[in-house]
Amino acid sequence: MKRRFFIQTVSLGSSGFALSATLPLLDVNGVPEKNALFEPNLLMSLGEDGIVRFKYTRHEMGQGSFTGLTMIFAEELGADWEKIEVSQADYDEKYGNRLYGNTGGSGTVRRMWEPLRELAATARTMLVSAAAEKMNVPIEECFADNGMVVHKSSTERIPFGELASLASHQEVPKTVTFRDVADYNIIGTPKKNLNQNKIIEGQLQYSMDVVIEDMVYACIVRAPIMGLDVISFNSEEVKKIEGVVDVLQVSNRLEEVDESDTKTSMRNGVAVIAKDTWTAFEAAEKLQVEWTNSSLEDGDMESIENDLAMAKGNSAAHTIFETGNVPNEFKNTSRTFSRTYRNPFQAHALMEPMCATADYREDSCEIWSSTQHPNRILLRTGIVVDKPIGFFLLHNLPCGGSFGRRFYDDFITEAVVLSKVLQRPVKVVWSRKDEVATSGYHALQEEEHTVSLGEDGKILAWRLREYMSAQTEELQWAFPFQVYYNTQRLQEVVQVPFRLPIMAWRSVQAHPHALGLESFVDELAEHLGKDPLEYRLELLENQMELPKSFGEERFEVNYNSVKEILVPRAIRVYKELSRLRDQYVMSNGENTLGFAGHSFGPTFAGQMAEISVENNKLKVHKITCVVDCGLVINPQLAENQIEGSIIWGLSALFYNNVTIKKGVVEQSNFDDYKVLRVDKSPQMEVIFLESEEAPSGIGEPGVPPVAPAVLNAIYKATGKRIRKLPILGIDNLELA
Amino acid sequence: MPRFTLNINEIEYTVEAPERMPILWVLRDHLKLTGSKFGCGIGQCGACTIHADGIPIRGCCVPVKALEGKVLRTIEGVPGEHPVKESWRKFDVAQCGYCQTGQIMSAIALLDRKPNPTEEEINRAMKGNICRCGTYKRVKNAIEEASKNQIT
Numbered sequence: 001m002k003r004r005f006f007i008q009t010v011s012l013g014s015s016g017f018a019l020s021a022t023l024p025l026l027d028v029n030g031v032p033e034k035n036a037l038f039e040p041n042l043l044m045s046l047g048e049d050g051i052v053r054f055k056y057t058r059h060e061m062g063q064g065s066f067t068g069l070t071m072i073f074a075e076e077l078g079a080d081w082e083k084i085e086v087s088q089a090d091y092d093e094k095y096g097n098r099l100y101g102n103t104g105g106s107g108t109v110r111r112m113w114e115p116l117r118e119l120a121a122t123a124r125t126m127l128v129s130a131a132a133e134k135m136n137v138p139i140e141e142c143f144a145d146n147g148m149v150v151h152k153s154s155t156e157r158i159p160f161g162e163l164a165s166l167a168s169h170q171e172v173p174k175t176v177t178f179r180d181v182a183d184y185n186i187i188g189t190p191k192k193n194l195n196q197n198k199i200i201e202g203q204l205q206y207s208m209d210v211v212i213e214d215m216v217y218a219c220i221v222r223a224p225i226m227g228l229d230v231i232s233f234n235s236e237e238v239k240k241i242e243g244v245v246d247v248l249q250v251s252n253r254l255e256e257v258d259e260s261d262t263k264t265s266m267r268n269g270v271a272v273i274a275k276d277t278w279t280a281f282e283a284a285e286k287l288q289v290e291w292t293n294s295s296l297e298d299g300d301m302e303s304i305e306n307d308l309a310m311a312k313g314n315s316a317a318h319t320i321f322e323t324g325n326v327p328n329e330f331k332n333t334s335r336t337f338s339r340t341y342r343n344p345f346q347a348h349a350l351m352e353p354m355c356a357t358a359d360y361r362e363d364s365c366e367i368w369s370s371t372q373h374p375n376r377i378l379l380r381t382g383i384v385v386d387k388p389i390g391f392f393l394l395h396n397l398p399c400g401g402s403f404g405r406r407f408y409d410d411f412i413t414e415a416v417v418l419s420k421v422l423q424r425p426v427k428v429v430w431s432r433k434d435e436v437a438t439s440g441y442h443a444l445q446e447e448e449h450t451v452s453l454g455e456d457g458k459i460l461a462w463r464l465r466e467y468m469s470a471q472t473e474e475l476q477w478a479f480p481f482q483v484y485y486n487t488q489r490l491q492e493v494v495q496v497p498f499r500l501p502i503m504a505w506r507s508v509q510a511h512p513h514a515l516g517l518e519s520f521v522d523e524l525a526e527h528l529g530k531d532p533l534e535y536r537l538e539l540l541e542n543q544m545e546l547p548k549s550f551g552e553e554r555f556e557v558n559y560n561s562v563k564e565i566l567v568p569r570a571i572r573v574y575k576e577l578s579r580l581r582d583q584y585v586m587s588n589g590e591n592t593l594g595f596a597g598h599s600f601g602p603t604f605a606g607q608m609a610e611i612s613v614e615n616n617k618l619k620v621h622k623i624t625c626v627v628d629c630g631l632v633i634n635p636q637l638a639e640n641q642i643e644g645s646i647i648w649g650l651s652a653l654f655y656n657n658v659t660i661k662k663g664v665v666e667q668s669n670f671d672d673y674k675v676l677r678v679d680k681s682p683q684m685e686v687i688f689l690e691s692e693e694a695p696s697g698i699g700e701p702g703v704p705p706v707a708p709a710v711l712n713a714i715y716k717a718t719g720k721r722i723r724k725l726p727i728l729g730i731d732n733l734e735l736a
Numbered sequence: 001m002p003r004f005t006l007n008i009n010e011i012e013y014t015v016e017a018p019e020r021m022p023i024l025w026v027l028r029d030h031l032k033l034t035g036s037k038f039g040c041g042i043g044q045c046g047a048c049t050i051h052a053d054g055i056p057i058r059g060c061c062v063p064v065k066a067l068e069g070k071v072l073r074t075i076e077g078v079p080g081e082h083p084v085k086e087s088w089r090k091f092d093v094a095q096c097g098y099c100q101t102g103q104i105m106s107a108i109a110l111l112d113r114k115p116n117p118t119e120e121e122i123n124r125a126m127k128g129n130i131c132r133c134g135t136y137k138r139v140k141n142a143i144e145e146a147s148k149n150q151i152t
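Protein chains in written order, with this note's numbering: chain F, 1 to 736; chain S, 1 to 152.
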């Protein structure tokens, strides 16, 4: 067998991104191989058939970046959209964090925008160079478009396929020039979800659909309260059930070996192994486990109220962000205005419950599952079985929704641990009850906004205090995704005792932040006798100077992104909302309007909710969302994302509420953890503001404004201000 | 273990399974027909919707024993050019796609029964199918479109 090795190319572009280009492929003697394939980087292969084969190195969970990244790559390459094929890349450390980092924070397109274009532009330059050589004309006279290299003056054209071999021998350029936005013919055009056909035929393979020869199925009865351990269980009785293969205890070893956050790792439990899923589910129902005790067993909703009351008496607050001297201002002030808003624990209730299949062998472990963060889950799973990341081969399959849940390692660790013990492939399937009742949740949280007001109504200081039930790691999420930096500000977090594990949930902290902030600004506007939209614009247009050190790297929010990107975007969005309001008023619209906007990363989204309330019956007629997310890669799928976000936000507003009794989650399925269904779904309209700025993410920004926009409208319609979610049942409110 | 003869997508299958086993798991684990999805196990979400004698049923709740002698149809038995599949494609309905085979089976059953459904009828027929990606608007649009394009 020929040994292959790669020559690294020089760094390219200002980012210094090493291309890991594999050009040319050399044999053992260092001679370029005769190769019909053009494989200028880790993500692309072009053969004589002219098909560009592109690898997708993130996780597809319905957000559409499987299609979006392919569009970006195809566009920059100058490819023919009909002749590009995309496939999911297995996880491999060779891709590095830049190409195969986590999928989250609405950041896939935003973070891949530069690296993908660098790779594609390099490949394009080499194809053009090959064509110039073949046509014997200067490179400058040629350009790539629609899967061909064209000679400008003679209009002679050579399809990519005919250039594959020659291109692989071209020198790798040291610099590349990106295509001009004006020349784009793929980006900005509506393209269909590249998985659509497989989905419609029932042929898209999700984790749940994996079948491996000789595999067994596992259903795990997990600790009903995080941290409980198994004392005993009726193993012999359950083993007698026909179809049951084994009954095994599983223990979370991560706590012993890794001190980093363990609240989101695998729970202790007992696994029932069976010949099929249903037998495993049924047998698990018959399993009786005796658990250790926990102080968390005292926890019910009243204890949470006590937790919050205690936390409010407790002055130990972590400062998240501070400008000026807010405490001093509050000492001297005579006029304050303060309101508090409540967000409950919420579950993900994704459609496909978690699932992972592992085949653990002596020298490697193959995994079929779906994860937003392969590096993290393999690292943490590796700690449990004492293996390095390279030991695992992870097939990262598309999933049936994730919304933050598949960032975490528990379900994959379970499959790996069980396969190691059983020495055969194991598929761990979570039931719906497992997913709702023994998971991690969107944090229960109160947001207390207090401002000190001058005689003229000017805000002199603004304090936001958040009371969060969260493990320490999540305090970092308390970053203010906000745009009103018009006064001295203090943002603090007060930790409320741990009750349930906290996990990322679509739009994460932006959801409670928007509920609090955008309700508060409306209340403040009313208090000051101002129009809510004009007041927002007034605050936005009178910003103070931010400290240059301002920001949070992990959210790509910093001084410049706020000042140069977010604030101007917020202003544009609110101006458009004002125009839409005028238009609605002119058309004699009968319903009541409410507004709210919020940022998520560098994207800003604002919404206008049209509602009516009659005899306590609420109807949300329509939600219009105005979005500034920079360049829109795929208007079709971007619109889907915003529509889906509105539905998500309404589920949270109307229904989503995880409660506990004796420390245990009370909900278990869609009957008691309700989500929005088609009959209550409103009309929707999505408006993208035109922009040529870098694309900034679309999966989550549509969620945060939903609740405050509807609540602001409800107040206007009824005079009742609701400050907590979910809203149905409060003062007998129901849906029409 | 009891044996059952099932007529699925015009093919006859013989399976050995406990009589209480829901048809969903017979399809998925025994016959490897994985287009019908598991979502809730209690008939709340509709991801497992299939047809028995043309009636939409929740596969996660109906035991295999009850379906002997019935004509069963799953997503795999619906031709690619079926008007409902065509309109799903046209409106690019699916995001993650996990619930969509169930949505499509509910939509086909509705249109077979009511070729020109009102919005109210669409809501009633489809509210048993949850979509957490929130594709409801497109689901409705696609059904309205398919209703126009049906071969009658």
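It is worth saying that the hints were derived from the structure and are not from the lab. A portion of the hints provided could be inaccurate.
[Unchecked claim] Pairs of lysine to any residue residues, derived as SDA-like cross-links and limited to a Cα-Cα distance of at most 20 Å, are as follows:
| hint | chain 1 | residue 1 | chain 2 | residue 2 |
| --- | --- | --- | --- | --- |
| 1 | F | K680 | S | E119 |
| 2 | F | K680 | S | E144 |
| 3 | F | K275 | S | V15 |
| 4 | F | K275 | S | E144 |
| 5 | S | K65 | S | H82 |
| 6 | F | K275 | S | E16 |
| 7 | F | K192 | F | I51 |
| 8 | F | K458 | F | H621 |
| 9 | S | K140 | F | D209 |
| 10 | F | K662 | F | V230 |
| 11 | F | K192 | S | K32 |
| 12 | S | K32 | F | V210 |
| 13 | S | K32 | F | D209 |
| 14 | S | K32 | F | G243 |
| 15 | S | K140 | F | Q636 |
These are the hints, each one checked on the structure:
no.	hint	result
1	K680/F to E119/S	holds (12 Å)
2	K680/F to E144/S	holds (18 Å)
3	K275/F to V15/S	holds (14 Å)
4	K275/F to E144/S	violated (43 Å)
5	K65/S to H82/S	violated (30 Å)
6	K275/F to E16/S	holds (13 Å)
7	K192/F to I51/F	holds (19 Å)
8	K458/F to H621/F	violated (35 Å)
9	K140/S to D209/F	violated (27 Å)
10	K662/F to V230/F	holds (18 Å)
11	K192/F to K32/S	violated (28 Å)
12	K32/S to V210/F	holds (10 Å)
13	K32/S to D209/F	holds (8 Å)
14	K32/S to G243/F	holds (18 Å)
15	K140/S to Q636/F	holds (17 Å)
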